[in-house]
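Peer 1: Line by line, the protein sequences give chains X and R. If you read the first sequence in the numbering used here, its first letter stands for residue 1, the second for the next number, and so on. If you read the second sequence in the numbering used here, its first letter stands for residue 1, the second for the next number, and so on.
These are calculated hints, taken from the structure and not from any lab test. We treat Cβ as the ideally placed atom computed from N, Cα and C, and that holds for glycine. One or more hints might be untrue.
EDC-like cross-link-like pairs, simulated, lysine to aspartate or glutamate; straight-line CA separation at most 16 Å [stated by the list, open to error]:
(1) K122/X - D14/R
(2) K52/R - E130/R
(3) K108/X - E38/X
(4) K114/X - E96/X
(5) K52/R - E83/X
(6) K122/R - D14/X
(7) K108/R - D86/R
(8) K108/R - E38/R
(9) K108/X - E83/X
Below, a sample of chain R positions facing chain X; criterion: calculated Cβ distance under 7 Å [unchecked claim]:
(10) M1
(11) L2
(12) R4
(13) A18
(14) A28
(15) S31
(16) A99
(17) L102
(18) T127
There are 2 protein chains.
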Amino acid sequence: MLGRVNHIAIAVPDLAAATAAYRDTLGAAVSPPQALPEHGVTVVFVELPNTKVELLQPLGDTSPIAAFLEKNPSGGMHHICYEVDDILLARDRLVEAGARVLGDGQPKTGAHGKPVLFLHPKDFFGTLIELEQA
Amino acid sequence: MLGRVNHIAIAVPDLAAATAAYRDTLGAAVSPPQALPEHGVTVVFVELPNTKVELLQPLGDTSPIAAFLEKNPSGGMHHICYEVDDILLARDRLVEAGARVLGDGQPKTGAHGKPVLFLHPKDFFGTLIELEQA
Chain X
1 MLGRVNHIAI AVPDLAAATA AYRDTLGAAV SPPQALPEHG VTVVFVELPN TKVELLQPLG
61 DTSPIAAFLE KNPSGGMHHI CYEVDDILLA RDRLVEAGAR VLGDGQPKTG AHGKPVLFLH
121 PKDFFGTLIE LEQA
Chain R
1 MLGRVNHIAI AVPDLAAATA AYRDTLGAAV SPPQALPEHG VTVVFVELPN TKVELLQPLG
61 DTSPIAAFLE KNPSGGMHHI CYEVDDILLA RDRLVEAGAR VLGDGQPKTG AHGKPVLFLH
121 PKDFFGTLIE LEQA
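Generate the whole structure from the sequences, applying the supplied hints.
Peer 2: As structure tokens, then:
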């Protein structure tokens, strides 16, 4: 069921500083910042040859990464996003296997404009998993 | 400088249960467990089309992931490993840019038999970064 790793998301308190670290210190190609107010984050894409890292900074008062940064003020790895061919089929198999889908169980439109779901980290050993229909 | 994401490492308290979750619930291809006593871990590789996830369980009394699991008893994302062409060149550039290399600054032989270094997570917004000479 799991396809490619679409991205690894890293929450950071200071997006400009994190972007500079990945660009200047680590020598990676980075995108300009993109504000995604409907997702409560500003994102910078770090382009690697086989996948990407997404640096996320909270945007607005109800950012989904605000609680994570309260617990981890320096930042940290927030989630892994895997691609799936059919997100409804994936969801139904996961629910049947006993895994919990966050929210109301309906796919939402993710930051890339595609249907996404998040799985409960307690079912996957502390890792928040995002599934995106590729 | 940064090349491919070689792997994403996830520390887990119960490798058999985590392997079953990735294989049976998430439908991924997983390897048999490999004990790496010289690295203080037992590892299962989760093979994705473009990279891999490594599930790590402590092995022995001085495992490098023991402290992480004390802080995160359910498990969690532990580090990201990026490939580099020349690890000594990468190290020298990083040190010149002010980043801290863990240990004595000399590459060690990593779990894949290749030279590796770890960078201080405080310099990279809470993310532990491993560099592996590809």
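Peer 1: Could you run down the list of hints and mark each one as holding or not?
Peer 2: Structure-based check of each hint:
With a C-alpha separation of about 13 Å, the suggested pairing of K122/X with D14/R holds against the 16 Å cut-off. For the given pair, K52/R sits about 14 Å from E130/R by alpha-carbon distance, which is consistent with the 16 Å threshold. Annotation: proposed proximity of K108/X to E38/X holds, straight-line Cα distance about 11 Å (limit 16 Å). In summary, the hint linking K114/X to E96/X is not supported, as the alpha carbons are separated by about 23 Å, beyond the 16 Å threshold.
The hinted pair formed by K52/R and E83/X meets the criterion: a straight-line CA distance of about 14 Å does not exceed 16 Å. As the CA atoms of K122/R and D14/X are separated by approximately 13 Å, the hinted pair is consistent with the 16 Å bound. At roughly 14 Å between alpha-carbon atoms, K108/R and D86/R fall within 16 Å of each other, so this suggested pair holds. For the suggested pair K108/R and E38/R, the alpha carbons sit about 11 Å apart, so the restraint of at most 16 Å is met.
A hinted pair counts as satisfied when its Cα atoms are at most 16 Å apart, and K108/X with E83/X qualifies at roughly 14 Å. A cut of 7 Å between beta carbons decides the hint on M1/R: the least distance to chain X is about 3 Å, and the hint holds. Interface hint status for L2/R: upheld, as the beta-carbon distance to the closest one in chain X is roughly 4 Å, under 7 Å. Satisfaction of the interface hint for R4/R is found here, the shortest Cβ-Cβ separation to chain X being roughly 5 Å, below the 7 Å cut-off.
Given hint, A18/R at the interface with chain X, holds; its Cβ is 5 Å from that chain's nearest Cβ, closer than 7 Å. Satisfaction of the interface hint for A28/R is found here, the shortest Cβ-Cβ separation to chain X being roughly 4 Å, below the 7 Å cut-off. Interface hint status for S31/R: violated, as the beta-carbon distance to the closest one in chain X is roughly 15 Å, over 7 Å. Look at A99/R: its Cβ gets to within about 6 Å of chain X, closer than 7 Å, so that hint holds up.
Here the hint on L102/R is broken, as its CB sits about 15 Å from the closest CB of chain X, past 7 Å. Look at T127/R: its Cβ gets to within about 6 Å of chain X, closer than 7 Å, so that hint holds up.
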